[in-house]
Amino acid sequence: MGRDRWSAAGLALLAIGYLLAGRRYPLDTLTTPGPGIAPLVAGLALLGVAIWIFIVAGPARPAHAAGGLPEIRVAPTCPTESAPQRPASRTALLMCGALVLYVAVLPGLGFLGSSVALVVVSSRLMGLEGWWRPAVLALGVTGVASLLFARWLGVPLP
Amino acid sequence: MSDLFVALTPPNLLACFIGTVLGTVVGVLPGLGPAAAMALVLPLTIKLGPTAGLIMLAGIYYGAMYGGSTTSILVNVPGEAASVVTTIDGYRLARRGRAGAALAVAAIASFVAGTFSVVALQLAAPLVARAALAFGPAEYFAFALLGVVLLANLTGGSRAKSLAMVVLGIMLSTVGMDPLGGTVRFTFDLAGAQAGLSFVAVTAGLFGVAEVLATMADPASTTPVARVRFRELYPNREELRRSVPPMLRGTVLGFLVGLIPGPAATIASFVSYGVEKKISRHRDELGTGAIEGVAGPEAANNAAAGGGMIPLLSLGLPFTPSTAVLLSGMLLMNVTPGPFLLRDHPQVFWGVIGSFYVGNVMLLVLNLPLVGVFARVATIPPRFLMPGVLVLCVVAAYADNNNLFDVWVVVGAGIIGWAMRALGFNPAPLVLGLVLGPVLERSFLQALTIARGEVSGLWASGPAAVMLAAAAVAFVAPAVLALARRSAAHPV
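So the protein sequences, as listed, match chains V and U.
In terms of the numbering used here, the first sequence is numbered consecutively and its last residue is 282.
In terms of the numbering used here, the second sequence is numbered consecutively and its last residue is 1148.
Check before you lean on any hint, since a few could be wrong.
[As the list claims (entries may be wrong)] Chain U regions said to be covered by chain V (calculated; three or more residues, Cβ under 8 angstroms):
#, stretch
1, 699-713
2, 818-829
3, 1063-1076
By construction, these hints were calculated from the structure, which means they are not laboratory data.
If you're wondering where the values come from, they're calculated on a predicted model, not measured in any experiment.
The beta-carbon is built from N, C-alpha and C at its ideal position, and this holds for glycine as well.
Construct the entire structure; sequences and hints are all you get.
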């Protein structure tokens, strides 16, 4: 099964789950429509589109072939970053984990502590070597954000 | 009209200046689009008050339109979708050593088109606002539905996928209280979700956090920017002469396209390029590095950006992610865009329009001499830039409602947005679905109630019937055309 069909199956499951969860909201009548009507219509619409993607659309075609806007892809002219130590997709997955962990520890550690850790981890995952430069970057970014938003503008930080 | 001069007060001038500079920088940075940048500074603009805050947001929107052309021309990487077509001839001009000329023509074209669209906006918006007073729920529903269908057709790539994203956005908009009865839906007993999913958190996640993850997953996608020498900054007389007709054509065409619901700036740039390909005196050179290929599309996308403000200011309906953030900003500042904006908040309305004039002048002054400086922004390595984007996303999401749930939303939206990109789904229609969802639901339910449950009440009025018919045609036509093409290619 191709990538698009997996996506369609995922969307269909999401639509079914949404429709099931929406059953608790009354539909009432067409004269006095209830809060369940919009979820019902939206859920059925997503289910329909998912079936459309699964059966008719099949594998994605280039935009210009579908009559849409052309897609412009450009190969980089020279390497810009030092070669990553680990596969790039794994790096992104590690970053996802770091982000989830960040929100989990945010109430306990506070904005400053957790954000410094987040910037250190993310900059190292992006290829910034050593510990000094990530640490300086983290203190700079977090410090500027705190000064600008919390101190000067009075914007509350988590 | 005297409220136009509100834009010239020092705080508003400063807001306009900061907005245009920020917008230009954002436009220069590939990936971080104007919608994400506007969402990131939303907490800051709320502190400035409605007029200065909206002037700053509008400045970012216009500035990004200007700045987006810079990386298109210099490195063939568009800063945002509306600058994609500029890469075709702009980059080839840069490779021939005419980068400066292309950048200057792009800036001049943007200025001319931006100024024209402001004048037209000033004249048209009050008229449209008056006409919009005749709009009832059925007409709003039909117009929003037409926008959704056109959007699915025109975002490029798979139509079904775009439609799926719009519907998903509408589904997400049903989280929280329903717009009519106040019933709390799909919160799963999470107190933080009762107010619904924060638009700022979703946008910052889908565009900002997802961009960071996408850059990590594909480090080769970042491209270095060539430096432009000062003496290369200006076009010669021949280049200027050749730029004028496409610039004027692109301006008028872009403004008209901007009035149609959908991603107007992007479409306008492609339509303008298509027109130049057909009627330009130098049409044979287009695609090989013709200045017409820069002047026309750049004028068109900026004029369309102005045109796109009309449905936003007059009807309260945004059809691009950027105008959706602008709408969100207005609502957060207790300013409701729509037919009554001019009556209830004349200073905001005319102040924002007045700032467009000022902003266009500032952008020209900034872009012509500082284009080389802006180009250097794009040379900041992602490993320094992206961690800062993450922190900004968190601050923007939390500051919207002081709600930790929104920080979970920004992270969740970022991870989902990255997965969407990997699977070939464009997140922009989802954002618009999220914004248009409550409009669609409210107007649909109100129209049904007014028509005493008769579904035919949705198309009882002439304008609603025309718009619904147009939506039906726009929905069916691509499939019919594809079938016709297929049967023509393989006759029985």
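Here is what the structure says about each hint:
1. 699-713: holds (count 3)
2. 818-829: holds (count 6)
3. 1063-1076: holds (count 6)
The structure agrees with every numbered hint stated previously.
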